[in-house]
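Fit chain B to the supplied structure of chain A, relying on the hints for placement.
Taken in order, these protein sequences are the chains called A and B.
Going by UniProt numbering, the letters in the first sequence line up with residues 1 to 181, in that order.
Going by UniProt numbering, the letters in the second sequence line up with residues 1 to 181, in that order.
Hints in this document: simulated from the structure, not taken from any laboratory.
Worth double-checking, as some hints may not be accurate.
Since the list can't tell identical chains apart, any single copy or any two copies may satisfy a pair.
The calculated DSS-like cross-link candidates involving lysine-lysine, where the alpha carbons are at most 27 Å apart (straight line), are [unchecked claim]:
(1) 18 - 2
(2) 56 - 18
(3) 56 - 154
(4) 164 - 154
(5) 2 - 154
(6) 157 - 18
There are 2 protein chains.
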Amino acid sequence: MKFCSQCGSNAVTFSIPKGDDRPRHLCSNCGAIHYINPRVIVGVLPYLNDRVMLCKRAIEPRQGLWTLPAGFMENGESSEEGALRESWEEARASIRVDGLYSVYDIPYINQVYLMYRGELTDTNFAPGPESLEVELFREEDVPWPEIAFPIMHKTLKHYFEDSKQGRYQLHRGVISRKLKL
Amino acid sequence: MKFCSQCGSNAVTFSIPKGDDRPRHLCSNCGAIHYINPRVIVGVLPYLNDRVMLCKRAIEPRQGLWTLPAGFMENGESSEEGALRESWEEARASIRVDGLYSVYDIPYINQVYLMYRGELTDTNFAPGPESLEVELFREEDVPWPEIAFPIMHKTLKHYFEDSKQGRYQLHRGVISRKLKL
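Excised from the complex, chain A in its bound form (with noise of 0.2 Å):
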């Protein structure tokens, strides 16, 4: 933040404000103090039968990798309703959501991730603006070493697993910084 957008002032600085415990953008003129918070991703895994929608991404970044259809929540909307939103807005699929299936936070990039899962109500879906492909696919089929996100991986695999079981649970768990190597 260069500028305040309160009053225009390039007096803001990077510090901590009285009273409070870590350094906000704080505008030495008009003394508004701007909070920059975690974002909210929702998505959705949309499932028919014993296959898993997936989009290749036409768009930065992992251009060309495949993920589930998810996007940022925007004010106005429920995560549920953000979630079959992206999924319309990726895929044009159109979805029954079962429910929240995984919360996963990312902290490094101060990300929130909730995803739902939902069966697909019809096979008239087709690539968004934002994918280049959507297709269903088997777990043995699932192209594993070209999803995009590390998020999405855990929840596919997750999925497969719990539909051995016959038993869907929340997963909930945090994603570090991957260790360079």
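Chain B in isolation, oriented as in the chain A frame:
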């Protein structure tokens, strides 16, 4: 948003960027798009035997009413870390977390609540700067009409019901704007 935080211009409009489907704070001077997304509130339902811990709010909103410790999730922390931080800040409470317990969307104020359930590890709790009192309550002693927020009321009700069943499950829902009658 009155001024662009990138360039300091006051030419910020609330209009739909090209390729988007909803209005954003858009700077017509430098082209920056300023996204505003929902915020996450993290908290804990702390219990000890058959009692739960509540805090009497020292600050607005709902000053003087009772709530579970919770607050805005910060960048760089996991939701569980944030929940424990808030429990310490508001109640000096030490807690061993059992798991995620309730996930509530409140779309009309652009908030997502992630509430954990956890056992107090001792009774050395005490009011932090945002609390007037911190106390343990049995179900029949909870000041139900003085609970500060509907999400906390719901989470407490679920907890006492689940306690009777001896089985704690994740609760999820959406809280809609209260109808003005």
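Please work out whether the CA atoms of residue 56 and residue 18 approach to 27 Å or closer within one copy, between two copies, in both situations, or in neither? Cα proximity of residue 56 and residue 18: across copies only (23 Å, versus 48 Å in one copy).
Could you place residue 56 and residue 154 in one of the four classes (within, between, both, neither) given a Cα distance threshold of 27 Å? within (17 Å within a copy, 40 Å between copies)
Give the relationship of residue 157 and residue 18 under a CA distance limit of 27 Å: within one copy only, between copies only, both, or neither. Close neither inside one copy (46 Å) nor across copies (37 Å); limit 27 Å.
Checking an output row: residue 164 and residue 154, CA cutoff 27 Å. Within, between, both or neither? So residue 164 and residue 154 pass the 27 Å test inside one copy only (16 Å; across, 34 Å).
Within a copy, between copies, both or neither: which one fits residue 2 and residue 154 at a CA-CA cutoff of 27 Å? Cα proximity of residue 2 and residue 154: none, with 37 Å in one copy and 42 Å across.
Given identical chains, is residue 18 near residue 2, meaning Cα to Cα at most 27 Å, within a copy, between copies, both, or neither? So residue 18 and residue 2 pass the 27 Å test inside a copy (21 Å) and across (25 Å) alike.
Comparing the model with each numbered hint stated earlier shows that hints 5, 6 do not hold.
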